[in-house]
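Undergrad: Sequence:
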Amino acid sequence: MLVHTILEALGPITLGIAVGWGCGKTGFVKQDYSQAFADYVVKIALPLALFLAALSSSPKNILNIDYALALAVGLIVTYVLGYIAGRVMFKHNKADATMQALAVSFPDMAYCGPPVLIAAVGSAGLIAMVIGNLIYTVLILPLALALLGGGAGSSPLKALGKAVSQPLVILPILGAVLAVCGVRLPEILSASINELGKTAGGVALFFLGLFISKSKFSLNKEIIFNVFVKNIVQALLILGVGIALGLRGELLASAFLIGVIPTATAVPALAVGNKAYMDQSASTVVISTLCALISIPAGLAVVSTFYP
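Under numbering that gives the first Met the number 0, the sequence shown is numbered contiguously, ending at residue 307.
If you're looking for bench data, these hints aren't it; they were derived computationally from the structure.
Quantities reported herein were computed from a predicted structural model and do not represent experimental measurements.
Note that the Cβ used here is the ideal one computed from N, Cα and C, for glycine as well.
Mixed in with the good hints, there may be bad ones.
Dumping the calculated DSS-like pairs for lysine-lysine here, alpha-carbon to alpha-carbon at most 27 Å [to be verified]:
| id | residue 1 | residue 2 |
| --- | --- | --- |
| 1 | K29 | K220 |
| 2 | K59 | K197 |
| 3 | K215 | K59 |
| 4 | K42 | K274 |
| 5 | K220 | K42 |
| 6 | K90 | K24 |
| 7 | K42 | K215 |
| 8 | K24 | K274 |
| 9 | K274 | K213 |
| 10 | K42 | K213 |
Pair by pair, the computed Cβ-Cβ distance ranges are [unchecked claim]:
| id | residue 1 | residue 2 | range |
| --- | --- | --- | --- |
| 11 | P11 | K42 | 21 to 31 Å |
| 12 | F27 | D65 | 29 to 39 Å |
| 13 | G121 | G10 | 36 to 46 Å |
| 14 | N193 | L289 | 28 to 38 Å |
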């Protein structure tokens with residue numbers, strides 16, 4: 000069962016990256032197309048996928064403060080750690096440090112999360128994916144996008160306003176608001192949106208492989224730091240805060256598992272779109288995914304102790 004869960008979670012990621020890499024290396028698909036794939040994921044498919052995920056969630060779960068707080072601490076603290084490390088330890092400029100912060104704090108909730116969460120705690124575990132994505136899109140991404148878009152002499156409020164108006168931020172928020180208000184889309188409309196939304200995972204993985212095929216892949220102290228914070232530190236933070244807040248059973252398990260999954264494939268897409276931290280973000284995703292072969296089984300073993 001454990002082996003099946005690991006293969007179900009990491010198999011599509013590995014295949015998607017490998018196909019994209021092979022297409023890029025052989026010239027079957029031009030490497031120059033990577034920007035178009037990145038724009039499609041970040042501006043269209045992923046926002047629609049997160050919108051539907053939020054819209055289909057239970058209002059009770061969306062409004063669970065303790066649960067959201069445990070996830071928020073893990074996501075926000077690792078983001079801050081990544082940004083400080085980027086500026087102080089690795090001497091990056093603001094844009095590169097911002098992208099490094101995303102690389103160490105943005106879990107692959109939309110694509111790697113579901114198979115792991117469903118296998119461990121059932122469909123109820125998917126709330127971690129929804130709440131985690133809402134926290135990221137409401138609190139962290141607007142700040143990051145404002146930092147990325149705020150060049151010299153630009154107004155912070157103008158940069159923040161531009162960030163908040165992007166589909167990747169506004170659509171998940173809209174979905175959550177509609178869910179809390181009890182609004183449901185007509186089935187035909189929901190299915191039509193889903194046809195675009197569900198392509199986000201495969202296209203993001205293919206893009207990453209295509210992008211890596213022309214990138215300088217590296218493994219150094221910085222990449223090791225990124226993966227350590229993402230795959231280990233984030234999980235420990237969520238677990239510690241969750242226990243302190245009294246979370247138990249399925250809630251604690253699903254929140255904790257968010258921390259052990261690898262860095263989101265959307266991070267290199269954002270890096271390409273903003274021309275910042277491109278090679279390092281791609282390397283971080285690949286190494287983080289490989290290390291998830293250890294962190295996911297370890298996380299599942301820890302979760303098994305949460306139940307009598």
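Undergrad: Compare the structure with each hint and give your call.
TA: Now for the hints, and whether the structure bears them out:
1. K29 with K220: It is violated: about 32 Å lies between the C-alpha atoms, which goes past 27 Å.
2. K59 with K197: Status holds; Cα separation ~25 Å.
3. K215 with K59: violated, 46 Å
4. K42 with K274: holds, 16 Å
5. K220 with K42: Not OK: K220 and K42 at ~32 Å, beyond 27 Å, violated.
6. K90 with K24: violated, 32 Å
7. K42 with K215: holds, 26 Å
8. K24 with K274: holds, 22 Å
9. K274 with K213: Measuring from Cα to Cα gives roughly 15 Å; hence the hint holds.
10. K42 with K213: Roughly 23 Å separates the two Cα atoms, so the pair holds.
11. P11 with K42: 21 to 31 Å: Holds, at about 22 Å.
12. F27 with D65: 29 to 39 Å: Violated: the Cβ-Cβ distance is about 50 Å, outside 29 to 39 Å.
13. G121 with G10: 36 to 46 Å: For G121 and G10 the Cβ distance comes to about 21 Å; the hint is violated.
14. N193 with L289: 28 to 38 Å: Roughly 31 Å apart at Cβ, these two residues keep to the hinted range, so it holds.
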